[in-house]
Structures are given as structure tokens and as C-alpha cells.
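Starting from the known structure of chain A, arrange chain B on it as the hints suggest.
Protein sequences, first through last, are from chains A and B.
So in the working numbering, the last one in the first sequence is 267, and the numbering has no gaps at all.
So in the working numbering, the last one in the second sequence is 259, and the numbering has no gaps at all.
These aren't lab readings, by the way, just hints derived from the structure by calculation.
From a predicted model like this one, the values you see are computed outputs, not experimental measurements.
Please note that a few of the clues may not be correct.
As the list claims (entries may be wrong) - Partial chain B-side listing against chain A, Cβ under 8 angstroms, derived:
1) Leu67
2) Ser102
3) Arg166
Said to hold, decoys possible - A short list of chain B residues far from chain A (calculated; beta carbon distances all over 10 angstroms):
4) Val20
5) Asp71
6) Gly118
7) Glu139
8) Met173
9) Gln245
Claimed, not checked - Going by beta-carbon spacing under 10 angstroms, a handful of chain A positions derived as facing chain B:
10) Pro95
11) Thr176
12) Phe177
Think of the CB as a built atom: it goes at the ideal place given N, C-alpha and C, for glycine as much as any other residue.
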Amino acid sequence: MDAVLDNLDVFVEGFTTTVSLTLLAAVGALVLGTLIAAMRVSPVPPLRWVGAAYVTLVRNTPLTVVFFLVVFGLPEVDVILSFYRFAVVALSLYTAAFVAEAVRSGINSVAAGQAEASRSVGMTFGQTLRLVVLPQAFTNIIPPLASIFIALLKNTSIAYAFGVFEGTQAMNQLVNANGADVIAIIAAAAFIYLALALLASALFGLLERTVTASR
Amino acid sequence: MQPLVVLEGVNKHFGSLHVLKDIDLTVARGEVVVVIGPSGSGKSTLCRTINRLETIDSGTILIDGQPLPEEGKQLAQLRSKVGMVFQSFNLFAHKTVLENVTLGPIKVKGVKKAAAEKRGRELLERVDIASQADKYPAQLSGGQQQRVAIARALAMDPMVMLFDEPTSALDPEMINEVLDVMTSLAKSGMTMVVVTHEMGFARRAADRVVFMDDGRIVESNTPEEFFSRPQSDRAKDFLSKILSH
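Only chain A is shown next, with the shape it has when bound in the complex (with noise of 0.2 angstroms):
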């Protein structure tokens, strides 16, 4: 218990930056994941084959495997970043693909009408997606987005194996400078990640009621 307490700012600074990937990939994927989302319902048939193309191919790829193809495949066209922005980059895109499901779910679940209404008064396709249908999408996916970045919290840790000094680092380092307390410091960890966790999905309770409040 005492290596946890002794070493609370090595948690502190390792899950400082689990948080900051979490934000930041989230905001990446939720931009990504819409335009993607925006492509499948186009009226332009190569935009939603990209966009269904993207889907079916990052969704069923191993994280692990797209932060090597990230780390790996940036390089070669000459994209050199640091690890933690690598991270952030590969985080991004595949949390796009479950975001661009979930937003394309809720684009489904706004009435046809909406949108029929929407070009009656002359507004274009882009209008009527950004100015009527995303904002109600949004309001009915607010419980799956909440799942998904739950799950991208939690798979910050792969940036770990890519030399990033996140939460799961700090653990490890942590387990292997204490041996005797390596339970603990597992436990600990599991802890934050279990708190941030809860606090995400507070957070994201709270938006849903007051979403739902104003209407």
C-alpha cells in the first residue's frame, strides 16, 4: 500500500496524460466518426463507398495492429511524430469508426420527415444534415457515444507498448521498481481507470438530462 501512496505523483502524471489522449482522441474520433457518418448517407455514391470502406476496414482491425500501421506507416510519407501524438492519431481513427455507426444510427433515427421538411425550404443536403439532423441524431445517441469513449479511455493503455507515459505505464514502472507491491499497484490503477470511468459516464448522464430537459 505504501508503494501507491509514495508514488501517488507517478499515477498522477501517467493518468494526466491517459486523460488528455482520452480528450483529444475523442474529439478527433466524434469530428472523423461524423464526417464519416455524413459520407454513408450521401446522395454521392463514392462518398458512401469510402465511407462504408472505412468502416468495415478500421472497425475490424485490432487496435494494436493500427497503432503499428500508424507508427509505422506516417513515416514513410514522411509524417514524423512524436509517440503521444502517434497515439492520439491512431486512437482517432479507430475510435472514428464506432463513432461514425453510432452517429449513422441516430441519423437513421431522425423522421424521414425532418429531413423532407428541411429541403422543402431550400435547404441543401449539408444544410439539412448540420442544421436539423445531426442535432437531433446527437441527442439520441448520447448512451452508445458514452460506451464508446469508455472504451477508448481504456484502450489508451495500448499507447503503453508504444512508449507513451500514460496510467498503465506509470503502473508498470511502478510494479517493476516495487516488487513486493505489485498487487496493490495493479489494484490502484484499476481503481483510476474504474473512477475516470464513472466520472466519464456521469458526466455523459448529465448531458443526456440536460439534452432531454430542453426539449
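Leaving out everything else, chain B in the frame of chain A:
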């Protein structure tokens, strides 16, 4: 004068179902055309082809002399001049009543927000619902929602208004408040195509009644002539069924 809406030889299929068969229809400026007919006769589909919510397989549709463009910016531009009122209202559920009426003018026509709101409130006043401006659609009755939907369409200053069974989803006691708004709109000179089962409205407000059956226009006549002396057996049969009680 050039007619406002012209359909020539319009055909439309849903799969193997031939829903519109060689439709020819001309609507003059200021004319109120009421389309009636049994369920499944194609009258709603006809209404929806006029602003291309439904595409057609053959034939031409002209609005103000222009053929309907393909899907894209030009079509959006044209739709902004063709008002549409739906059976199920389709008010934007996440917007207030006033926002429903101002969204189109602001985003499509580039009207300033303050000007759009001023005009929006005038239109809500005209359909007698100004006091509900800050409510959400779900907080209104069906009749109120439909009147807002009419105001939303009018806010775009349309050349023609299409009504697709505007009272079919309403409780009986709310039908009249919507028909009253439509009647006064007709009297004000608006060009209207109205698909409806309300025969009273057809008698009162229509310049012409178009009777459809099985995808065809069977009769087209003034309301007096149509209701007192229907020509086809199909129309006689239809009228005897709906007017007998």
C-alpha cells in the same frame, strides 16, 4: 399568362407499381387546385413530385417555366420558392416555433436574424399562434403545429404552396382551424395545390377539383360541376360513398 406549374406526361413507378400514369396537369397563377381521390390513387405522390421529393420516371415538370433541376443547389433554390405542408407537420423538433419559421429565411435566403424574426412573428400572428412562439413543437396540439408549418412555408415567400393531406392527421375539432387558415390563404390569391379528403374545403376554396384514381387524373372540373354532375362512374361511386353520411 404563363402557367405556374405544368406537368406533362408524368409517369412514376414504385418498383412494379405504376403510381402515376401519364399525368398532365396545369396550374395557373393564383389558382387553387384541390386533388381528391381514394387512398392509393397517387394523389400524394403527385403532390410530392412537384417539388421533387419524389423523382419521376418520365415526363416533364415545369415550375414558372423552368424544368425541375437535378438534386443539388439549383433544386434547393427552386424548392425555397415552393412551400410544402405535410400530413405529419414535420416541424423541426429541436427548434422553437419561432426558430422553425425563421430557419429557412436566415439560412437559405440570407435574411438577417432580426428581420426574419419580425416577419416570423407577423406570420405567426396571421395563423393565430403568435403567443406560442417560444414553445417547442411537441408542446403544441396538432392543429397548432400544422398552422406553424403553414407559417414556416409562407416565410419563404413561395410562388406556390403544396398541401399533402394537411388535415388527415388531426383530431376532428382541430381540422377547421387549419382549413380556415388555408381558405384565407386561397382568398389572398396564393397558388395552391391541395391534396385532401375535405370536400367542404374543396367546395369552398377550390377553383378546380382534380379527381384521381389508380394513378390517373380521371376528372378535372370546377367544384360546382364536379360535385353536382360528376362525369365518370368512378367519381360518382367515390362521391356517393363519402357524401352519403
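| message | Flag every earlier hint the structure violates by its number, smallest first. | response | Number 6 - this is the single hint that the structure violates.
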